[in-house]
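There are 6 protein chains.
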Amino acid sequence: MRVITFGEIMLRFAPEGYNRLFQTPVFNGTFGGGEANVAVSLANFGVDAGFVTKLPENPIAEACVRELRGFGVDVSNIARGGERMGVYYMEKGASCRPSNVIYDRAHSSISTAVASDFDWDKIFDGADWFHFTGITPALSDELANITLTAVKVAKSKGLSVSCDLNYRKKLWSRERTGMVMSTLMPYVDLCICNEEDAKDVFNISADGTDIEKGSLSREGYKGVAKKLVERFGFKRVAITLRESFSANDNDWSAMLYDGVEAHFSNKYSLHIVDRVGGGDSFGAGLIYGFVNGYSNKDALEFAVASSALKHTIEGDFNRVSVKEVESLLKNGGSGRVQR
Amino acid sequence: MRVITFGEIMLRFAPEGYNRLFQTPVFNGTFGGGEANVAVSLANFGVDAGFVTKLPENPIAEACVRELRGFGVDVSNIARGGERMGVYYMEKGASCRPSNVIYDRAHSSISTAVASDFDWDKIFDGADWFHFTGITPALSDELANITLTAVKVAKSKGLSVSCDLNYRKKLWSRERTGMVMSTLMPYVDLCICNEEDAKDVFNISADGTDIEKGSLSREGYKGVAKKLVERFGFKRVAITLRESFSANDNDWSAMLYDGVEAHFSNKYSLHIVDRVGGGDSFGAGLIYGFVNGYSNKDALEFAVASSALKHTIEGDFNRVSVKEVESLLKNGGSGRVQR
Amino acid sequence: MRVITFGEIMLRFAPEGYNRLFQTPVFNGTFGGGEANVAVSLANFGVDAGFVTKLPENPIAEACVRELRGFGVDVSNIARGGERMGVYYMEKGASCRPSNVIYDRAHSSISTAVASDFDWDKIFDGADWFHFTGITPALSDELANITLTAVKVAKSKGLSVSCDLNYRKKLWSRERTGMVMSTLMPYVDLCICNEEDAKDVFNISADGTDIEKGSLSREGYKGVAKKLVERFGFKRVAITLRESFSANDNDWSAMLYDGVEAHFSNKYSLHIVDRVGGGDSFGAGLIYGFVNGYSNKDALEFAVASSALKHTIEGDFNRVSVKEVESLLKNGGSGRVQR
Amino acid sequence: MRVITFGEIMLRFAPEGYNRLFQTPVFNGTFGGGEANVAVSLANFGVDAGFVTKLPENPIAEACVRELRGFGVDVSNIARGGERMGVYYMEKGASCRPSNVIYDRAHSSISTAVASDFDWDKIFDGADWFHFTGITPALSDELANITLTAVKVAKSKGLSVSCDLNYRKKLWSRERTGMVMSTLMPYVDLCICNEEDAKDVFNISADGTDIEKGSLSREGYKGVAKKLVERFGFKRVAITLRESFSANDNDWSAMLYDGVEAHFSNKYSLHIVDRVGGGDSFGAGLIYGFVNGYSNKDALEFAVASSALKHTIEGDFNRVSVKEVESLLKNGGSGRVQR
Amino acid sequence: MRVITFGEIMLRFAPEGYNRLFQTPVFNGTFGGGEANVAVSLANFGVDAGFVTKLPENPIAEACVRELRGFGVDVSNIARGGERMGVYYMEKGASCRPSNVIYDRAHSSISTAVASDFDWDKIFDGADWFHFTGITPALSDELANITLTAVKVAKSKGLSVSCDLNYRKKLWSRERTGMVMSTLMPYVDLCICNEEDAKDVFNISADGTDIEKGSLSREGYKGVAKKLVERFGFKRVAITLRESFSANDNDWSAMLYDGVEAHFSNKYSLHIVDRVGGGDSFGAGLIYGFVNGYSNKDALEFAVASSALKHTIEGDFNRVSVKEVESLLKNGGSGRVQR
Amino acid sequence: MRVITFGEIMLRFAPEGYNRLFQTPVFNGTFGGGEANVAVSLANFGVDAGFVTKLPENPIAEACVRELRGFGVDVSNIARGGERMGVYYMEKGASCRPSNVIYDRAHSSISTAVASDFDWDKIFDGADWFHFTGITPALSDELANITLTAVKVAKSKGLSVSCDLNYRKKLWSRERTGMVMSTLMPYVDLCICNEEDAKDVFNISADGTDIEKGSLSREGYKGVAKKLVERFGFKRVAITLRESFSANDNDWSAMLYDGVEAHFSNKYSLHIVDRVGGGDSFGAGLIYGFVNGYSNKDALEFAVASSALKHTIEGDFNRVSVKEVESLLKNGGSGRVQR
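Chains as they are written, first to last, in the working numbering: chain A, 85 to 423; chain B, 85 to 423; chain C, 85 to 423; chain D, 85 to 423; chain E, 85 to 423; chain F, 85 to 423.
Okay, chain A solo, but in the shape it has when bound:
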């Protein structure tokens, strides 16, 4: 099975440990970005995953390509040219101090890409699944159009399409988001989001009666999913459920609505190493399940377990194997040493 993802990959600089920015000159320099994270996670699961983006021609982009290719991600459809890679700075939070992300992503090669950079017919040849997030069309008007072309070609060639809404208020306004995303959604089979995304992007929220004690009830989440299905005709809607107690401690679970039934996953109490890419690893797990014919419930549990593991791993990428996800599903997270 072959999965294609499309979006931006950035340089990521994080000061060592829990240091604040420039408290120490020692930085950890890696790469990451929503759709690339999904591709890497799938490649680590043994899936034939390809990542489509545009990168400049310089040694930093070469290193990025080398990293992706090392994981087994197909990099042959990465367009080259443009000015720069986006950069993001990541200050790891602790306890009551939240993680802080500073973006320097404007003018990146991908955000200035043009339609002719991507030959979707060729890119989707032999592919089964296409995944993008709400960040990609937000990068520029041209990117929004390119994404529309991509989903149309994908559907015409029989691919399944998934989208993680991933609303970023710094990239676009709610108005433009809603308008653009509404043109893309009809081509999407699997919509991944959290409760806030649905509200921010499509102004869809739970009915009053579905809310208890200030947060959504199970019925509330199901209601949001149902509305999304009704409006856009998704086959499935997945909603991640994060309860954030502190920067270190989160509960993590998810719901999958298949148009009929709402499946709620096991809940993981996480002591976090790095939560960036948590949602992406959930998407990758879900796609892995579906391209391998898992049941809705099994795909959901696989996705939540794999993304629970992501929270224990430094960097954007989910460096876990199917065997490790299955071990967590089978043995639970008691953390006995594996010898």
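Hints listed in this document are in silico derivations from the structure and should not be mistaken for laboratory results. Treat the hints with care, since some could be wrong.
You can't tell identical chains apart in this list, so a pair holds if it fits in one copy or across any two.
[Claimed, not checked] List of simulated lysine-lysine pairs, DSSO-like, C-alpha gap at most 27 Å:
#	residue 1	residue 2
1	K206	K311
2	K239	K254
3	K253	K414
4	K407	K253
5	K414	K236
6	K254	K407
7	K381	K283
8	K253	K310
9	K407	K311
10	K241	K414
11	K414	K254
12	K283	K414
13	K311	K236
14	K306	K206
15	K236	K283
Model, not experiment: these values are computed from the prediction.
Please build the complex by placing chains B, C, D, E and F on the supplied structure of chain A, with the hints as guidance.
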């Protein structure tokens, strides 16, 4: 508003991570000390803060001055001369193993300073607040006298004066402490301490009836504060309330008694990155509140929130802005990523 | 008092922090191994401890000897020769991701040692206690025979003998383990194990009625210990009780059965820095207690407290003093800074 | 004496040691840029130096300001706003492999600054010297105009003006450079360059007869300087003379032409730690000499010695004191340990 | 053009900087080995390079495969199974202290590989060149036979074959080397060696008259090459010429004999960063030249320049592009910063 | 053979690489001091070496003792007590920037030691050689007296005594040095110094005719040695000859005068890693030679070779074996990789 603090700043060497001393040759070398920590925290809040001490003339002290000046602390009243800077070694604790601090501070330039090193009339020119801790007069008899001169000049020039009792049993005996501190307290407006300090320094403790289950009740803390006010005429007494479950996990709150009412703050459950300087950041928060005309309750909450954040930051200094403290006060410490 | 331990010491390579293997090129290279860990811990307690093994003649083994000698461990009975030191790779787990240990220990000098490498009569001269673990006889048939010789000589010279069952399924089958260990046990006074070891090695488990809610009751652990005493005539059986909630959080306690009474220790809730060597540090604490004439209960509490501290320390070795263990026993693990 | 410099300061990321980019994830993150380097070097010499630029409002720029302020550089005239700080990546060369610098500086706050960001009349108040480089006007047409305004105001207020030609072919063409720079030069008193700059920017080169063995003779350098003086009316022209044998080994000296005489400095054989900022430290040394009334020859020797020291220091900034430069001038570079 | 190399790749642990083994616990963990180094270097030159070996099934070998794949090396013919990867420890020398390499490579998966692990007919499909070194057949008798099969199949399919003699006295005796290598050489087109290899492996040395001042004259090197050609019928013989003045400073050049003429390359004076893999990078450069139709002289100069660059790069792999080699050939190694 | 050395051992903090102090917070923390360096070097040569000093009772001193014991140095005669260990800060020089050492050694335990801390009769039991340096008596008047007692007891028990003059102008004046050292010298058999020491301490310098081109001729060095022998009756005088071209590059050799003949050693051109402890390693090499019955010439060559190697090793201690020194003596310093 201008705030002056007076005391010792030391070199701080900490082995990397949770390593014990010399388990690895890799050390983190920084600077810190109670009164300097207050000045840095205030400077980070945008306050015009000056730090007064004595430092030797060598490249290490130059680096210390450079660090302080970088934060915007006024270093123009630092006397130069003497033999050395004090050093302290910090071994970070974890779980049931407490942090371990080893002092090598004898014979430091500040501990051998003389009265003529400081022209208090000039130093306090244009200043609104003077802060010192119980460590400063403990460093030498001369320092005790210098501190007495300082508080007298401060009061004569209309400054508010705050003192953090900060009892260190390795520096002086309870007897000498009580005697010396009693001469200084009449000039103090705001007394900051914890329950043990009050007992160690002034032999003031709660009445039997105020104690419940081995620890002080709210009434007990109020009683201690009341006795302090009665004995020394403080305008306000602030008591920090730390509940230490392990080297990693503490609850943190505080009480402020204004002579009439005892205000108890919100309580923060902390997962600690570095707790050294926690009390100092509380003092800085309180001073920030008062020089900015906050109510007693608001100043208290600001101080506790800012010191809660300090526990998430490596090193002695509280590297947070007013905006970050206010965000914690407003949003709580759920640790959602700031993008 | 003089204690001799016998077994393998390996090179240990761990990627920095919580990184997965080769996520970063930065590794921490140290040494460790069950019996060496016991010797180092005892030396840190001031006991005259000697470690017996075989090491190759190369700079890596020299560094290992230097490290052991630094702790004060007697290295004069380490045989030299053979091909290599064993290596193990340690990936530190977090939350629901368990620590992962990869062994590369075959063909090590100790695993290819021969009887003539060790003159037990000389080695045990002046010694009071001999300790080994189930790993040592598992390394080769020759090692099993050498260990048998060692325990026989030890008993003939009046030493107390302790054995930590320490079953490693990658080293030998349950069948061979049971057979070999059964020949050694009659010479053992103190048997240290956990409930699984007893089952894996000797097929001894609790009676059905001793089990409650899927885990053993207090009566169950006592029952296992009793059966062990009955079968092999141990004077004492110690069982460590680990409740693993996650890779970060464990509860830790132990039971000591003296043939009559089962003593249960205080329980420590641990936030783990490094749990490798936890069992070894327990064994060392127990031996320390017994060679110093502690009561069964006091030895048990000392052992559990010292191994609780081990969980807060990086690397295999328990770098704590008797004073620090006693401080934990006296003050509890509230983690107040030691100034 | 007060010196103002004007230009861009960038983030600088360099992989640890001699690693190529992303050979290791460990980066050293610092700050640097031609005109900032001059200001920092002057501040380290005790000169009242101010740096003028525009920086965005984010924690990275805050850290940059903190760093500059720490050195004692006046940061009060730094405009705030815009999108980002420029970044440059630095791969340290060795032997036959040259250092490699990758710029990502487009769209920086300073390159998008407007005239109203800077009040030159106020900025130059009390100042004696203004320094800029050829990079500043190259950043944008607006910057070229702003620089022209600056030099006009500077001259009108009696400041001396120096310019380091510093031609960067990636920033602008030779044609535009020549045109723009020619409008600025009439306001410049001291022109700093190397032989290539003179040719690249103004098409000024030595006469054929001045060339021997493929490189310029002393007469040739003097000839270039003379032509520059004749064309633009500089009071002085300084030309740095680098002989590059390898990325590690360079000879370093300079010439100063005062309109009459050409002074050639002592030559230093350098084993390089970091050569970025070498030219800037030369400029700073020269300015230091002139604002302190040194003779042409003495200023030149001070400048060359201070820039020789720069080559031994990591990062862009020249972290040396006047005392250290004088020690090199007096004792030579034999490298005896200072105890 | 497609090139296949065959041999062992090992883990490489080097203490940070110039530290001796275990002077610091900080190690740099990478991968390397003669034939893998050639494949990586070729892949960095844009050649379709495949590496054939056998690796165990564990996360360390996965990381090794990930690293190779990242460079673009075809890893699809790596057999999996066996016990372990070989390890080597590298202590970097300086001045009069030589680098020290400690091998722990016995029992590695490749050294215990069997003939059925490799389907040479399939492996060589579409390939143009096969490269191995004298280390591969030295690993075991089976490996010697496998290598013989490989070269026979290679020749039968029309591939060019190159061999770097690479004598390692710790792996086999001169007698066995000579015997085994003599059976392989008739299939070799290009023989790469140094003067010592020729003597150690085949007892071929220069005639007395060819020796001047204790080292070989140009005629001497030509004489050795001529004898090699006469004995084994090589088309070409390349001899690297290293003059080692210290661990830091070497002169580096080479000779290529084409059966008629002896070409001597330019000589590079190197200040060494890491010389391991220097010979391998020379071989890769030569192969690159020949598969791209370079003349003998041009291929030689390309090879020497690319291996000169290798000496400036940390680790076994030559991380340079064709463009960088060509820049060195064109501009020389003066080390001017590339901006 | 047993050798005793007596003096101070300090903490040594050096910033990573070539960074200036506090340019980075990363420090390397180790231990070192002239006489300890000699003891460690001798222990590395397999000599039974004991180090005598006084250290405080704290974890830092424990770590120091652990380090020394690891090398095999006898630490049983280290007195315990007093306030602190001395500290020194080491900034590594490069090229024309010299290394910079900042001492913070006043008030150390050894500098406040008293006569009763050392039982010389017991310490020298079974010993053959006693070594001290001019630093030890300079630490305090009491230390001068203790050293006098030590040399007297040493001579009375038949030990050979060596002294490295090691003049430190920051510790004492030339006047006091000359007076004190003159009382100690009559007990010294082997005097180690450099030309400056002889002049600084005893005002002994070469005759005018012995000087050529600003530095001493061979005859000049011999003349100084002869005068020393004449004044104090030394059996041998060794003078180290350092030619310092830069902080990186030194030539290193030595002379040994045996009362009759002056032996001049081979000269080593060094590319320096760390030169601190160079003289100490020379002394250790000389003592090693003499206690092993080497001829004057052989001892000298061994000493110079071992100290040449020291310059390639980080830290104060000379981490080389006799085998490595002999390899340098035999093979020269061409730096071929040892495999």
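Status of the hints after comparison with the structure:
{"no.": "1", "hint": "K206 x K311", "in the structure": "neither (35 Å within a copy, 56 Å between copies)"}
{"no.": "2", "hint": "K239 x K254", "in the structure": "neither (30 Å within a copy, 44 Å between copies)"}
{"no.": "3", "hint": "K253 x K414", "in the structure": "between (39 Å within a copy, 20 Å between copies)"}
{"no.": "4", "hint": "K407 x K253", "in the structure": "between (37 Å within a copy, 20 Å between copies)"}
{"no.": "5", "hint": "K414 x K236", "in the structure": "neither (39 Å within a copy, 44 Å between copies)"}
{"no.": "6", "hint": "K254 x K407", "in the structure": "between (38 Å within a copy, 19 Å between copies)"}
{"no.": "7", "hint": "K381 x K283", "in the structure": "within (25 Å within a copy, 36 Å between copies)"}
{"no.": "8", "hint": "K253 x K310", "in the structure": "within (25 Å within a copy, 51 Å between copies)"}
{"no.": "9", "hint": "K407 x K311", "in the structure": "neither (36 Å within a copy, 38 Å between copies)"}
{"no.": "10", "hint": "K241 x K414", "in the structure": "neither (37 Å within a copy, 50 Å between copies)"}
{"no.": "11", "hint": "K414 x K254", "in the structure": "between (40 Å within a copy, 21 Å between copies)"}
{"no.": "12", "hint": "K283 x K414", "in the structure": "between (35 Å within a copy, 22 Å between copies)"}
{"no.": "13", "hint": "K311 x K236", "in the structure": "within (23 Å within a copy, 66 Å between copies)"}
{"no.": "14", "hint": "K306 x K206", "in the structure": "neither (38 Å within a copy, 55 Å between copies)"}
{"no.": "15", "hint": "K236 x K283", "in the structure": "within (25 Å within a copy, 56 Å between copies)"}
Figure legend: structure checked against the earlier numbered hints; hints not met, in rising order: 1, 2, 5, 9, 10, 14.
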